[in-house]
Amino acid sequence: MTLTSYKYADTIHRCFRCGYCKFPTNWADVNNCPAYARFRMETYSCGGRLWLIRAWLSNEIEWTDHLAKIMYTCTACKNCEEKCPLRFNVDIMNMITAVKGEMVERGLIPSQVKDFLENIQRQGNPYGKARAKRGEWTEGIEIPKYKGQDFLYYVGCVGSYDTRAQETARTLGKVLTKAGVSFGVLGGEENCDGNEVNALGEETLFEMMAEENVTQFKELGVQKIVTLSPHSYNTFKNDYPLHDGNFEVFHYTQALRDLIQGERLDVSRGLNTRVAYHDPCFLGRWNGEYDAPRMILNAIPGIELVELEKNRAGALCCGGGGGNFYTDFLGGSESSPARIRAREAYDTGANILAVACPNCMTMLEDAVKAEGLEDKIDVKDISEIVVEATGIA
Amino acid sequence: MDHVKEALAVIVGEEHVSTEPEELYIYSYDLGTTEPRRPDYAVAPRTTEEVRRIVELANQEKIPIVPLGGGLSLAGLAVPLQGGIALDLKRMDTIIEVSEKARYAVVECGVSQGQLTAYLEKNHPNLMHSEPGAPPQATIAGNVAIHGQGDLAQPYGFNSDMVNGLEVVLPTGEVCKFGSCAVGANWYTQHPLPDVGLFLGWAGTTGIITKVSLKLYPRKKIQGVGQFVVEDEELIPEIIYRITHTEAAHDVVAFSQAIPPFASGLHHITINLSADSEKELDFKMELIFDDTLGEYIRSGDGGFLGFNRGLQRPQISKTADWRKGGGFEYVGAIMPVETYPQCYRRGREISERHDIPYTVLGRVIGMSHAMMFSWTYAFNRADLETIRQAREALHETDDLALELGGTIWKPGIYGQKLVLERIDPNTLKLMKKVKQLLDPNGIMNPGNWEVS
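Protein chains in written order, with the numbering used here: chain Z, 1 to 393; chain E, 1 to 452.
One chain only, chain Z, in its complex shape (with noise of 0.2 Å):
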């Protein structure tokens, strides 16, 4: 590799490595870069990142497979980004997902990065299941195709193949035919959205299937999208105006908060209970939105929200982003962050743990059966909370 070749070459060694990046707001330990709370080792911190990203540049240190795996295990949390006081911060996940691309282009990936690619371009997900199995999450519920409704209804790979994660892309889909909301699914015709696959380092194979997506949106006349993921959210709010893709995007949270403000949605049922909320990093840190779910917990009869200690901008990731929930570089261990976030909500008191994420889900529902705290608390997305507020069978 060249300095010529990375486009942050005059920038990267700027990083004076004061360890900012590895806190949450409220300095309350140094575990909020979920990779340097998993092996507390300074190369796994963001600053750690940037220092062997410009020894490798200037050959100082050479490739390996540990250098690789290194860069993987950020999660693009951007906790590094909201922490750092220096001005250069705004680049900071550029900086990494720009080495992740040489590596891409230079074939010196770690295999379940490899394997993710590869299933997405063989089978449109990251999991490598059969891409015609895709709509097979609508199955046993009537959920309406999308023919030009107001909304399409955008699922993403985990709501669409994972068993836990389908349950919320379904529930999701009740609740928004209970509310008298015009929206249809793509089923088997969707893709992925390719947030993961930018994340990667894969920015080739992402502007096609960026462009691929945006042609066939254009095409079904979607003006409107609701999705269940942040992550597809992040991508199509960010990145595929950047495609010719100008779409007007929510996230589900943001639809359900209009819907109950606008009385579209009754709540009033209520359910007593303890809540508390994990903010997901695509839609908090990446896209500022915090409220939107504390809102709709909050117009619930009966839910006391408690806020984990490190919350909003200050949340620690559930360690999935990044593709860490396929390649899983950071499982295994009491100190993955989704086990310390387990952890910590089970701190707070409450007996539920709300996500807005099928991501977090799927990490976070691990992560408490790993702690054995499955019969305390339990992990549920909010469009779950809704239905039982609203009584809908």
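Take the hints with a grain of salt, since some may be wrong.
Straight-line alpha carbon distances no greater than 25 Å define the calculated SDA-like cross-link-like pairs of lysine to any residue that follow [unchecked claim]: (1) E/5 to Z/25; (2) E/318 to Z/68; (3) E/220 to E/297; (4) E/318 to Z/370; (5) E/5 to Z/68; (6) E/417 to E/434.
Read the hints as simulated data drawn from the structure, not as lab findings.
As the structure is a computational prediction, the values presented were derived from the model and not from experiment.
Starting from the structure of chain Z, add chain E where the hints point.
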């Protein structure tokens, strides 16, 4: 796998020991201008027992150990000059106890300044510790091990003066306790047992501090910072003398810097005040800014820039970006307060000679008993010439600090050499005896404070 790595993996677990080039690269660097030196192993223990076993192993194998806290000394004190084990202690991060009534905290050595601040704010809002001007990752133990100071230095002195007790793994592997905890009592006092202060200020060359009991102090409900400015640096010692006479402030810092240019040449004095009521705050404000500093305002020599409520976390690392280069290092020296004008003028000259925007700062320690004066030199990590310039400026400043009658704080190798050349021969002899007695195999952070 080599047999040492294998043995280390048995002690700390495979995930917490590395011989991979990436870890060895990162742990070879200080954040300042010190040349990197690679360790052979990077190890992150979790318990005192693990540290003890690592030290035993290092003695058997005659391998150096370099303990590392936040890694922010900026003097190369944790660079493994002779290879060996880079011992990252940040996993040992439990706050073991806080005694509200006796006002102390017992912490493991990896607890960061930010972590203790957050813990106290949440659980003991009436207590605070003296937080240094470093980024929050700096550790409590690392800071006392180098005689650090914090934002309570003016009333209470060095942070190492606030130590009630220590747990230390000696270089030969024994775990020792010092202070009241040594006799099985609580960790509430360092005195009156025989003084065995062999670990503070030794930069990890006489043992590994694994637990610290640190004094805490009353935290009042209202905190804030008042700013006063003068143009004549000769006025600073007198002003500091007068402010400290009031005994009303809890941090007094005078500084001057080239950036932003409009403030270059001015001397700002920040005065931290705290109070439990508006009445108390009004009284302190009047005492300091009217009764004490009023005459400077009336004569036109000084100006009151206002009082802001709330304390901001130190943003020192922003200095690293002044040359958009990600680096800075400073010489800190413990200086008589009356040397402020010379420290400023001579330091500014050094900076300008090396084409570096000047930044000088003096934090008052005690009732004007001394100040920690820092001369900061930013450099561009991608430009070797600026690193060379900064290194030269740092060395000139080490010389200057001693010339002006000061003592270099946490000196790097160059400064240590200057100090050891000047130190009383009998003191040096005693230091050698202590070092040989405690560390017969010379495994603890070798290359630093080489008295043997």
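Do the hints match the structure? See the list:
With a C-alpha separation of about 37 Å, the suggested pair residue 5 of chain E and residue 25 of chain Z falls outside the 25 Å cut-off, and the hint is violated. Restraint check for residue 318 of chain E and residue 68 of chain Z: not satisfied, since their Cα atoms lie roughly 30 Å apart, outside the 25 Å limit. Of the pairs offered as hints, the one joining residue 220 of chain E and residue 297 of chain E is violated, with about 28 Å between alpha carbons and a cut-off of 25 Å exceeded. Proximity of residue 318 of chain E to residue 370 of chain Z is assessed by CA-CA distance (about 41 Å); at most 25 Å being required, the pair is judged violated.
For the suggested pair residue 5 of chain E and residue 68 of chain Z, the alpha carbons sit about 22 Å apart, so the restraint of at most 25 Å is met. A threshold of 25 Å between alpha carbons decides the hint, and for residue 417 of chain E with residue 434 of chain E the separation of about 18 Å falls inside it, so the pair holds.
Violated hints for the displayed structure, listed by number in ascending order: 1, 2, 3, 4.
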